[in-house]
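Engineer: All chains, please: the whole structure from these sequences, using the hints.
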Amino acid sequence: MAVGLVFLATLPFHANPYLLFVGNLAMLYIVLTVGLNLLIGYTGMLAFQNAALFGVGAYGCAVLRVTLGLPYWLSLPAGGLIAMIVGVLVALPALRLTGLYLALATVAFAQFTLWVFLHWYSVTGGPAGIQMHPVDFGVLASTAEYGLYYLTMAIMLAVVALTWNLVRSRIGRAFVAIRESEVAAEALAIDLTRYKTIAYAISALYAGVAGGLFAAMLGIVVPESYDLFQVIAQFAMVVVGGIGSVWGAVIGAVGLIWVQEALRAFKEFQEIAFGGMILLTVLFLRGGAMSLIKRHIKGWDEPLRRIPRKR
Amino acid sequence: MLPFLLTSGITTGALYAMVAIGLVLVYRSTGHINFSHGELFMLGGFFAYTFHVTVGLNYVVAMLLAVIGSFFVGVASDRIVYRPLIKAPGLSMVLATVGFSFLMKGIGRFFWGGKGEYLSIKPIVDPAPLWIAGIPILPQQLIVLAGALACMIMFTIFFRSTLAGKMMQATAENPRAAYLVGIKVEQVYTYTWGAGAAVAGAAAVLMAPLTLLSPDVGFTLLLKAFAATILGGLGSMVGAVVGGFIVGITEALAGGYIATSLQEVSSFIIIMVVLVFRPSGLFGVYGIRRA
Numbered sequence: 000m001a002v003g004l005v006f007l008a009t010l011p012f013h014a015n016p017y018l019l020f021v022g023n024l025a026m027l028y029i030v031l032t033v034g035l036n037l038l039i040g041y042t043g044m045l046a047f048q049n050a051a052l053f054g055v056g057a058y059g060c061a062v063l064r065v066t067l068g069l070p071y072w073l074s075l076p077a078g079g080l081i082a083m084i085v086g087v088l089v090a091l092p093a094l095r096l097t098g099l100y101l102a103l104a105t106v107a108f109a110q111f112t113l114w115v116f117l118h119w120y121s122v123t124g125g126p127a128g129i130q131m132h133p134v135d136f137g138v139l140a141s142t143a144e145y146g147l148y149y150l151t152m153a154i155m156l157a158v159v160a161l162t163w164n165l166v167r168s169r170i171g172r173a174f175v176a177i178r179e180s181e182v183a184a185e186a187l188a189i190d191l192t193r194y195k196t197i198a199y200a201i202s203a204l205y206a207g208v209a210g211g212l213f214a215a216m217l218g219i220v221v222p223e224s225y226d227l228f229q230v231i232a233q234f235a236m237v238v239v240g241g242i243g244s245v246w247g248a249v250i251g252a253v254g255l256i257w258v259q260e261a262l263r264a265f266k267e268f269q270e271i272a273f274g275g276m277i278l279l280t281v282l283f284l285r286g287g288a289m290s291l292i293k294r295h296i297k298g299w300d301e302p303l304r305r306i307p308r309k310r
Numbered sequence: 000m001l002p003f004l005l006t007s008g009i010t011t012g013a014l015y016a017m018v019a020i021g022l023v024l025v026y027r028s029t030g031h032i033n034f035s036h037g038e039l040f041m042l043g044g045f046f047a048y049t050f051h052v053t054v055g056l057n058y059v060v061a062m063l064l065a066v067i068g069s070f071f072v073g074v075a076s077d078r079i080v081y082r083p084l085i086k087a088p089g090l091s092m093v094l095a096t097v098g099f100s101f102l103m104k105g106i107g108r109f110f111w112g113g114k115g116e117y118l119s120i121k122p123i124v125d126p127a128p129l130w131i132a133g134i135p136i137l138p139q140q141l142i143v144l145a146g147a148l149a150c151m152i153m154f155t156i157f158f159r160s161t162l163a164g165k166m167m168q169a170t171a172e173n174p175r176a177a178y179l180v181g182i183k184v185e186q187v188y189t190y191t192w193g194a195g196a197a198v199a200g201a202a203a204v205l206m207a208p209l210t211l212l213s214p215d216v217g218f219t220l221l222l223k224a225f226a227a228t229i230l231g232g233l234g235s236m237v238g239a240v241v242g243g244f245i246v247g248i249t250e251a252l253a254g255g256y257i258a259t260s261l262q263e264v265s266s267f268i269i270i271m272v273v274l275v276f277r278p279s280g281l282f283g284v285y286g287i288r289r290a
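Chains as they are written, first to last, in numbering that gives the first Met the number 0: chain V, 0 to 310; chain H, 0 to 290.
There could be a bad hint or two in this list.
Unchecked claim - Covered stretches of chain V, as calculated for chain H (at least 3 residues, CB under 8 Å):
1) 84–97
2) 102–116
3) 228–240
4) 268–277
5) 281–291
To be verified - Just a sample of chain V residues kept apart from chain H, beta carbon distances all over 10 Å, derived:
6) Gly-43
7) Thr-66
8) Pro-133
9) Trp-163
10) Asp-190
11) Glu-260
Unchecked claim - If the Cβ cut is set under 7 Å, some of the chain H residues that face chain V in the computed set are:
12) Leu-90
13) Val-93
14) Leu-94
15) Ala-95
16) Gly-98
17) Pro-138
18) Arg-159
19) Phe-225
20) Val-264
21) Ile-270
By construction, these hints were calculated from the structure, which means they are not laboratory data.
Just so we're clear, the structure is a prediction, and the values are computed from it rather than from any experiment.
We put the beta carbon where it would ideally sit given N, CA and C, even for glycine.
Structural biologist: Here it is as C-alpha cells:
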C-alpha cells in the first residue's frame, strides 16, 4: 500500500509523458469505477447511465470554462454538481423501476444524452466538440500535466477513502440490504427512495468530477468519448475487478486501462477483450479478481462480508 | 410526402417488429432480456453479405444460409451464456449478455468491418420505384414487407398448430409443469434462442439491400426492438409487432416533419416516456413485473 502510494506520487519524475497519461487515466477510471460499483455492486441496481453522466460532467466543466470563462477550480466541481443534479433527475423516475426495466430505461437515457451531445450545437459544438483551454496551476505545478496528475491523484485518494468509509457506515449497510432484498430492507425501516437516491447522487457526482478531469486531460470534449464503449469499459472494470468491492474496482480500473492501452490501435480487439472478460468473469469467477485475493491472502476481508464483533 | 413517409415507416417498422419478436420470444421463455440480440441481427446481415456478395450465391440461397447461420449463433449463445447461468441472479445474466454482445461486435468488426466502411448488398430487384395509386414504393420495400409478414404468419402457425410451438409455449408458461409432462425444457430453451436469432437474421437479410451494414448496426436495432417491446408491453408478442410498426412510423414521421435528426432519437424517447408513465406498455400481459 505504502509502496504503491510512493510509486504513484513519484511517477511524474521517472516516467515518460505517455506513461504519465496512462497513470492519470487509470486514476481517473478508479474514481469512475468506484462510483459505478456503489450503484451496481453495493445497491444492486443495473444502471447504464454512468458513462453519460461522465460526459455530462465533462461537457459541464468545458462549457463553464470555455464558454463562460470560469476558472478550472470552479468549473470542475460545478461540472460534478451538474452531473449529480442530472443523475438525481434520472433517479427520480428510475426509482420506480427495477431490474430489467431500469436497465432498459438507463440504456435509453445514455443514448439520448449522446444524441444531445451530438446535436445541441450551440452548447456542445456538435461532433467537433469543445476545445478546452489548458489549465494553469500557477506555482503549484510546473506544467499542466503534472498539476492534473496530482489533482487527479488527490481526488482519487479522497474518493477511495470516502467510499471505503461510506460502505462501512449505516448508508453502506443500507445499500447492501437493498441489494439483497428490497422488501426485507423496507421491513428494517430503510427508506428505499432516500438511499437509492443517495447511491445515484454519489455515483453521478464521482462520474461528473471524473468527467471534468478527463476534459482537462484530453484538452477536448467530443461525443465519442461517452458512447456505448465507455459503458462497457466501466462495466468490465467493475465486473473483472470484483463486483461489490471498493478494492476490486481499483484493481479492475488499473488492469483494464492497461488492456485498453495495449490494444489502443485495434477497436475490434478492445471490444473482444472487454466483452470476453465480462463474459468469462461472470461465467467462471463471479467475484472477479477480488475473490482470488480473498481466497489466497489470509485475513483479507471486505467490510460488509465480515460479521462485526461485539466490543 | 405523408404516403411516402408512411410506406418507409411501415417497412422499417416491420423489421423492428421482427427483431422485437425474437427478443420477446426469448424473454417469454427465459425471463431474461438478451442484450446481445442486436448482434445476432448484425451477424445475420454479414452472413448474407458473405454468401451473396463474396461467395456469389443466389440471394434466396444466401438468405437461407444466413438464417441458418444466425440460428446456430443463437444456439451458441444458449450454450455459452444462458445455460451456465440458468440459476444465477438476473444481474449476472444481463452482464453476461452485454459482454457477449461486445464479443460478437468485436468479431463482426474483425471480419467484416474495422475500416470505417459500410458494406452494402445491391438491391436484388429493379431499384426504380413503382407507382401504386400515386404513391412511390420501392420494390425492395414490398419484398421486406412480404418477408416480414410471411415470417410473422409462419410464427403464428408454428405456435398455434405445431407440437414444438406448443412445447415452447408450455415452457414459457410454467417450466416446472412443462418438465413434469415430459417436455425436455432445456432443449426447448436451446431452440427458443435459436429461433429468436433466426428471426433476427431473417430481418437483417431483408434489410441489407435497403441500407448499409456496419458492426455497430446491432445496438441501434436492439434499441428499436427495446422500444417496440416496451411500447407493446414486455412479454407480449402481439404488442411487439404493433410496437414495432408504431416505432417505425413515429420515426419516419418525426424525421420527415420535425427534423431529420429526430429519427434516431425518437425510439429512446419512446422507451423513456413509456417506462415512466406506463411501464406495462399497451398490451402489458404481466403488468409491472418486478423482475
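Engineer: If a hint holds in the structure, say so; if it doesn't, say that too.
Structural biologist: Hint check results:
no. : hint    : in the structure
1   : 84–97   : holds (count 4)
2   : 102–116 : holds (count 9)
3   : 228–240 : holds (count 4)
4   : 268–277 : holds (count 10)
5   : 281–291 : holds (count 3)
6   : Gly-43  : violated, 7 Å
7   : Thr-66  : holds, 22 Å
8   : Pro-133 : holds, 30 Å
9   : Trp-163 : holds, 23 Å
10  : Asp-190 : holds, 18 Å
11  : Glu-260 : holds, 17 Å
12  : Leu-90  : holds, 6 Å
13  : Val-93  : holds, 6 Å
14  : Leu-94  : holds, 5 Å
15  : Ala-95  : holds, 4 Å
16  : Gly-98  : holds, 3 Å
17  : Pro-138 : violated, 33 Å
18  : Arg-159 : violated, 28 Å
19  : Phe-225 : holds, 5 Å
20  : Val-264 : holds, 5 Å
21  : Ile-270 : holds, 4 Å
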